[in-house]
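**Q** This is what each chain is made of:
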Amino acid sequence: MQARGALSVSGASVLLLALLVVVPIAVLLAAWQQEQWATWQHLLDTVLWQLVGNTLFLVIGVTIGVLLLGVSLAWCVATQEFPGRQWLQWALLLPMAMPAYVLAFVMVDLLDYAGPIQTFLRQWLPALPGFSARHPLWVVITLSLVLYPYVYMLARLAFEAQGRAVLEQARILGDSATSAFFRVALPMARPGIAAGLALALMETLADFGAVSIFNFDTFTTAIYKSWYGLFNLQAAAQLASLLLLFVVVALWLERRARSRARYSEIGGRQTLRSRPRLAWGVTLFAFSVLFLAFLMPVSRLLYWVIDHGLMQLDARFLNLIWRTFLLGTMAALLVLMLAGWLAWVKRHQSSPAVSAAVRLATLGYALPGSVLAVGIMISFSKVEGWLADLGAGIALVSTLAALLLAYVVRFMAVGFGPVENALQQVRPSLVEAARTLGATSAEVGRRVYVPMMLPGLLTALLLVGIDVMKEMPATLLLRPFGWDTLAVRIYELTAEGEWERAAAPALTLVVLGLVPVIVLTRRRPVRLSRSRPA
Amino acid sequence: MRAIALLATAVVTLSGLWACSEPATEEELVVYTSRNDHLIKPVFDAYTEATGVKIRYITDNAAALTARLLAEGERSPADMLITVDAGNLWNAADKGLLQPVESQVLAANVPAALTDPENRWFGLTVRARTLVYATDRVDPAALSSYEALADPAWKGRLCLRTSKKVYNQSLVATMIQRLGEEKAEEIVRGWVANLATDVFSNDTALMEAIVAGQCDVGIVNTYYFGRMKQDNPQLPLALFWANQDTSGVHVNISGAGVTRHAPQPEKARDLLEWMTQPEAQKLLADRNMEYPVNAAVEPADEVASWGDFKADDLNVSVAGALQVDAVKLMDRAGYR
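Heads up: the protein sequence lines correspond to chains A and B, in order. Sequential numbering of the first sequence, starting at 1, is according to our numbering. Sequential numbering of the second sequence, starting at 1, is according to our numbering.
Don't take every hint at face value.
Simulated DEER-style distance windows between Cβ atoms [said to hold, decoys possible]: (1) B:279 <-> A:49: 46 to 56 Å; (2) A:137 <-> B:265: 49 to 59 Å; (3) B:265 <-> A:454: 49 to 59 Å; (4) B:334 <-> A:308: 34 to 44 Å.
Quick caveat, the hints were computed from the structure, so don't treat them as lab data. Every residue gets a Cβ at the ideal spot worked out from N, C-alpha and C, and that includes glycine.
All chains should be modelled from the sequences, with the hints used to inform the complete structure.
**A** So, in structure tokens, the structure goes:
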């Protein structure tokens, strides 16, 4: 048991982290006195309902898409044996390194009337009617392809953790294989699947880059229309906070639905994989997903880079790579530490205030990046002003610290999920057992926490690192002079419509994202299932 | 423990890096710009070479840079804002972020229609937005104006870019100014009725659609056409200068203004003046195939080959003043 004073300090620190998310929104909303009604009225009269409808369509579509892809692939990889499983199990994570806007552009480019596919079809089947590359279904497919890895990754961890014993018991008790999957395996994996789905949907709601390439108008479109088109940042912030409210309610409903059920895993992790009759079919399915979400866009980028001969590996470009990598690493470590702290406090102090604060601290991911970035920038600027008034002229905006803090606010949810899951793996009874056997705190940390949590921590590190390297709006707005990244360069080129020129930095970004994926997958199987000699 | 070691490393790295991001010195100008790094850097490099004055710059989109200037207020390190589209400059000036600059040089080099009436921002390059058509399917004699594209004769033959792009917002804003809101809305509705397919998210895709035969005519910025033509000299597309018998081709600018709280306003003014001189004008315009704002400077050969045109002589600040109306109008008309 900790002392009372320590408790309040840790509680306060969690509250502080929650404030980091709340303050930027509050600052934007603070301008209520200004008249925003005209903007609201206009949106209500014209486009708003259509946009809400579109957004719901997208959310439902992406939910179905990422669940179908993520869960089925995770299940196959975790419980089935099929050709190529060894490399597909990690290769299926690769689409995570593919920014949604890049895949969106490649998709539109390929599928458009003027693109290669329709041109080919017209040549051979002139009677075939053309189709629009901007159909909402393509948006759903594109986002599902880049976002399914969240579900796949967390669901696979859950399926692998279940072990065979539970399923076998279900079969012994008379369930068919299908029914055992739906009645036992799936519900037990639900927390992991839900966590992955939540990340995918938050990213969907916040997305602006990919949907605007398809010119598919969502709620985010209304936010940017208010800001860029109608010069009304306040109305944009109000819309953004509505979006946030929607996410809060959705998360709350999910938790409520889940709280009735409690799952505890039993037994070991010996996963004996069965070989299905259609093993090659599974391989084909997994490979197709990998092809569409990763190999196809990468080869398209590669084609552009070669075709235009635009890969200039000069000092400036190397500098971009280095800065991108540095920011990704630093931010990921920082998020990991803070997420670990949040999870730790939440575990040892389950007061409603603490859990509410933890939930708040992980909401930044659902906000459109630019809006959050501006909120953070304004908050820093205000603090800077107060400090200046007090005679301490310290620059905050466009310092590295500000940028890293912005990443923390935005990506806390991404790091927190896996870290919390990892911490939950360390059941208190294990710690108690270790202590009973005479282990010191340091030893418990080294021999129980670290090895058990390592996969989860690395997962968090990977997810956050990749997300930070792909991040655009906050990097653009808050970076110190000279801290251009690959994403910044991609933005600059695409803003001028020079997509082919953007292929070089985009491809480099993808390759850079692969580094952590490969590191992670090399380390994953380490010492997980080995039982420690007493 | 490992976590503590990590933390210590991070803190040391951070404080080290913090120290690196030192403030601008006396010899440096700070510019916020929405112009692409590869377009603006050669210009700044040339200036540094010519004058010894170093320039630090941050690129971002105009809305974000405007919000940043607004938040920083008096403490802003920025001396100058460079961005594209008069609407964005108008908005920055409207929010009190730019200061008037009285300069003979600027008055001589920049036409009045491309300058803020209160001298808070000045055009640097001109971008024309006009009609483009398929040379194998459209007789240029059938084309005349933006307005005429609303005619039912073009049903199913028109391609447009999204109304969310500021270029189209500015075009519609000038139509509101010229023709009145009612007439402008009628025209935009006519466009929407004539669309061959969903609106495009960029001009290049739009032109590719015309080449592929999805539609016959569209509205684009000329430099996108120039880029495509450069890649493919046989491109079966041509520009048509719109509204030559009436208001003239819709033009917009990339432009700059000295910020309200510029730490070094005189130096910023020097840079602004230099950018309207021939050497800088060539650098600014040619790289992106835009038109120099300074009439004494010839455009690049490729650009000149598209022919001369009469430009709309409305002051471009109209694009800003009426942008909100234009956006609302296009929403009402169902132009996505």
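**Q** All hints are to be evaluated individually against the structure, with a verdict given for each.
**A** Against the structure, the hints come out as follows:
1. In this structure the hint that residue 279 of chain B and residue 49 of chain A lie 46 to 56 Å apart at CB holds, the actual value being about 54 Å.
2. Evaluation of the 49 to 59 Å hint for residue 137 of chain A and residue 265 of chain B yields a pass: the beta carbon distance comes to about 54 Å.
3. Distance hint for residue 265 of chain B and residue 454 of chain A: a CB-CB separation of about 57 Å, consistent with the stated range 49 to 59 Å.
4. Separation of residue 334 of chain B from residue 308 of chain A is about 38 Å and conforms to the stated range, judged on CB atoms against 34 to 44 Å.
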